[in-house]
Amino acid sequence: MKKTIAAIIAIIALTYTVNAQKMSIENVYKITLRNSAAIKQGTQVKGYYFFYVSDKVNKSTNEYTLRITDDNLTVLKDVKFNDSKHVSVLESSFNGTDLVFLFYNDDERTLQYKIYGADGNEKFTYERQLSKKDKNYMETTYLAVDDEENTYKGLYPVQGAGFISNTPSREDKDYTFEIDYFSTGQKKQWSYTPHEGGKKFMGDYLGSSNGIVYLEVLKYSSMLDQKPTSDLVGLSLETGKQLFEVATDSKYRFYPSTLSTLNDGSAFIFGEFFDPNANIAKDKSKGFAFWKVDNSGKITFEKYCSWDMDLGKFLNVSSKGKIEDFGYMYLHKMVQVADGSVYAVGEGYKKAASALGIASKVMSMGGGKISAVKIKVTDMILIKFDKGFNVADAKIYEKNSNSIELPSGGAYASTAMLGKLIKYSFGGFDYDYTQENSENTSFTVCYSDFVRGKDYKGSTFNSITYNDGEFTTDKINTKSNASRSAILPGKQGQVLLLDYYKKDKKLDIHFEKLN
Amino acid sequence: MTKPRYLILLIELLFTSVCLSQQSPEYLFGKDDPGLRQKYLTETTTKEKLAMSNADKQYSADYKKIYKEEYGAIEQFWSDTRAITTPEVNNYLQAVVQKIISSNPDLKSTIDVRVVFSRDWWPNASCMADGSIAINAGLYIFLRNEAELAFVISHELAHYYLHHHEKEVRSYVEKINGKEYQKKLRQISRQGYSVNQQLNDLLKTMVFDSRRHGRGNESEADEYALRFMKNTGYDCNAIKTCLQTLDGIDDTTYFKSPPEIQKELDFPNYPFKQNWIAKQSSIFSQIKEDDSPQSKQERDSLKTHPDCQKRILLFEAHWKDDGEKRTSFLVSEEKFKELKTQLFYQIMEECYHEDELSRNLYYALTLLKNDPVNQFAVYSVVRCFNRLWYLQKNHKLQQAIEKEDQSFPAQYNILVRMLDRLRLDEIVSLNSAFAARHAEQMKTFPGFAAELDMLHKINN
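Here the protein sequences come in this chain order: A and B. Under this note's numbering, think of the first position of the first sequence as 153, with each following residue one higher. Under this note's numbering, think of the first position of the second sequence as 47, with each following residue one higher.
Note that these hints are calculated values from the structure, not bench results. Here a beta-carbon is modelled for each residue, glycine too, at the ideal position from N, C-alpha and C. Warning: the hint list may mix true and false statements.
[Claimed, not checked] Across the chosen pairs, the derived CB separations fall in these ranges:
#1 A/Phe233 with B/His502: 54 to 64 Å
#2 A/Gly579 with B/Lys334: 36 to 46 Å
#3 A/Lys539 with B/Asn321: 20 to 30 Å
#4 B/Asp158 with A/Ile661: 40 to 50 Å
#5 A/Lys547 with B/Asn321: 24 to 34 Å
#6 A/Lys547 with B/Ala324: 24 to 34 Å
#7 A/Tyr653 with B/Lys250: 27 to 37 Å
#8 B/Phe254 with A/Lys285: 47 to 57 Å
[Stated by the list, open to error] Here are the simulated PhoX-like cross-link-like pairs (lysine-lysine), alpha carbons at most 20 Å apart as the crow flies:
#9 A/Lys606 with A/Lys572
#10 B/Lys230 with A/Lys182
#11 B/Lys250 with A/Lys232
#12 A/Lys536 with A/Lys474
#13 B/Lys111 with A/Lys655
#14 A/Lys657 with B/Lys439
#15 A/Lys631 with B/Lys442
#16 A/Lys182 with B/Lys334
#17 A/Lys229 with B/Lys334
#18 A/Lys285 with A/Lys340
#19 A/Lys351 with A/Lys284
#20 A/Lys572 with A/Lys528
#21 A/Lys502 with A/Lys547
#22 A/Lys485 with A/Lys393
#23 A/Lys229 with B/Lys449
#24 A/Lys352 with A/Lys285
#25 A/Lys237 with A/Lys211
#26 A/Lys528 with A/Lys575
#27 B/Lys334 with A/Lys208
#28 A/Lys275 with B/Lys334
#29 A/Lys606 with A/Lys503
#30 B/Lys442 with A/Lys627
#31 A/Lys232 with B/Lys334
#32 A/Lys472 with A/Lys547
#33 B/Lys111 with A/Lys657
#34 B/Lys229 with A/Lys182
#35 A/Lys631 with B/Lys439
#36 A/Lys658 with B/Lys111
Throw the hints in and build the complete structure from the sequences for me.
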């Protein structure tokens, strides 16, 4: 999506026609948009930034303008500066008072975190020098992977205190990650890099609560290890010192994805769990797990909801988690709301016979490059857990299914592996993003679909909104007369629609509410 | 203008509005005169043809491009609903215009002007390329007497009489085609670096020259307006009071006596929800005004009426009281006051018909706050909420409501914030509670039953 808007604005910048007879300011003036995205505080959109080259100063230096707007697109500030032509903005984040931008210079291999205060002035700059190995590793991981909103993901706000950054890192021969904390109150930072007990480390920042930074860390004994150990690591927000490290794969293999403090202020972590000896790359989860963790890392509560025993009351589901007509669920997001209920947002997928693949095999006498099995991405699903984390409801939201043809041999991949392939390799899920409001009384799940109706045939942008216990659904037809269109996240319950009309050189940008 | 003066104006305005509160919308908005509108449109079209055929041959393409755009906008003005040609409104305006023209032989050459009130809410008046002059209702409601209206008309007539618009167009076309300008642009375009910086500098110089020229025109028009006013017999002190009003008009507007949104939309069976208007964390919440992208000087330049203080000083330098008795009203004081109410309703209605719904609702709530039994205000609120529901349901709402802006009054920002957050079911509940509160008094009001029917249909 980011690429789309970048393309749209670049077109506008370049469509001034050149008139050889007479010159005008418009046909000489050129700007190029480099990056643009929503500025978020968690899942909430608080504004937008547009980073563009506003002039060329000399062979190696550009003048840049970083335009910062509020959530209504009102311009708040234009930051102008000269810097190397190799600079781009990777991410931004807002922590309720301060704003951070992560700049990357791929030539000098530097990451620069610029913090701006509530008064709009630059407060601090933090820099990190990358090694060549760091850079190469980042380019194949962090810089290559788009998340569900097609933006880089590794910069998180800590309410009113600072920002956490999570980037891939190399330590000697090990592949690891680096957690950096940048304070916004005073210039202070710390870093944490795990490098003991494995050869490869992958970490997810779960959140911060009561002065503790919670991380989920996977440790691989070798680069080919398929059964990594999983630990919950707690760091001191003040110093970065490790406070605890708890294995999450004792009774079951638990892979937490979400941290919430809405129940009683304590840290609750949620996610899927697997058999103790499961291979997470191949095996399907057994269901959902919920843990309560105290400040010393002690697990004071645990609850497991299995597909067949618990979800079976609401859906026709097998012990392996296959839901009738729906297929397997790929978990996109877990959200806790103000009344303590937790909602798991997922999307279905299943294997199906591929007519194209079969024909290909027949034509090539059993050969062919296309698998006889394809993947069908099916419907959306919301599973509700009550305050005690018991399954309370489950509802499937129907949409048109998509088919993804697999390369030959794809049929032998496990369903769990296929889910990851759809997500990360094919980008085949329709899910776009989920947004919560600040009071946790409402959230909106957004996804795309395609409609073939009598009145309308084309793409749609869909939403499922929870508001004070009630659910509503809505749909916006996105096909228009515009030459190009894009949808960006807006405030919770709204979207930003962009339509570019090439003939008129006109960009129509407006918000719309999702009902 | 000071706050107490505005309050007096508002009380005066609303006192007269009570007299109209029992009347139907049809009566309030007497019909426009389609014949007059067509006549004006024809005159504009004729003038366009003349302008096109007389366009300077050397740069005719540039002139024609400008004329096409300008005349297109004027023709659109005569074709849509903005111009007020209702006889009872227009006759008064024409009487004032004729007083001025007949008292000033110089103005005989401008006899082909078309002066009308427009239903536009923003406080301005303008003289268009062909001599069509629009006095916005949004400006009229702030004027205190007929002499101030006469000043506004005289000022616009002076622009036309002095050919200011023609001169500006010519100056612009000659500038962009001029040797020096073209040479500079070629020079810049051949350079590889700091091109945009040099273009910005060139543009700034051009804008500065244009504004300086424009301000010179304003002062000259004021000088001539003084002469026209004097000859007509209007009290020339109205020039000063009118300029004082214009100077502060951007941040005052009609919203000086704003409705309290929380109170007006709070009902026992459907209490106002604070989360509709609660402030949320925002980027650069403590940014100083001077740090914003527009400098103070630029903001002043962008005011609807810049340099009013300088214009007042110039007026004072030119105006010497000759002891002759002049008056604030020559045509009708009664009609002038009646039209202030009438035009406020017209603004409200135009906002509704143009889907400027946040303004429509705000004006209606303002009216209601000051006159709780105003039937038209009640009707407008219910009708506006129904329309808001329809647009939101069909994903077209956001073009009908404005976004929060620092330059808006606090209560208007609260209203637009609320409209930005209301959910479909909340619009219906709010409207139902509002309609129920006023149902008894609205039984006989034309149009209300239809809005109520629509609300019931939505609810079911």
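* To do: Could you tell me which of the hints above the structure violates, numbers in ascending order?
  => Hints 9, 14, 16, 18, 22, 27 and 29 not satisfied by this model.
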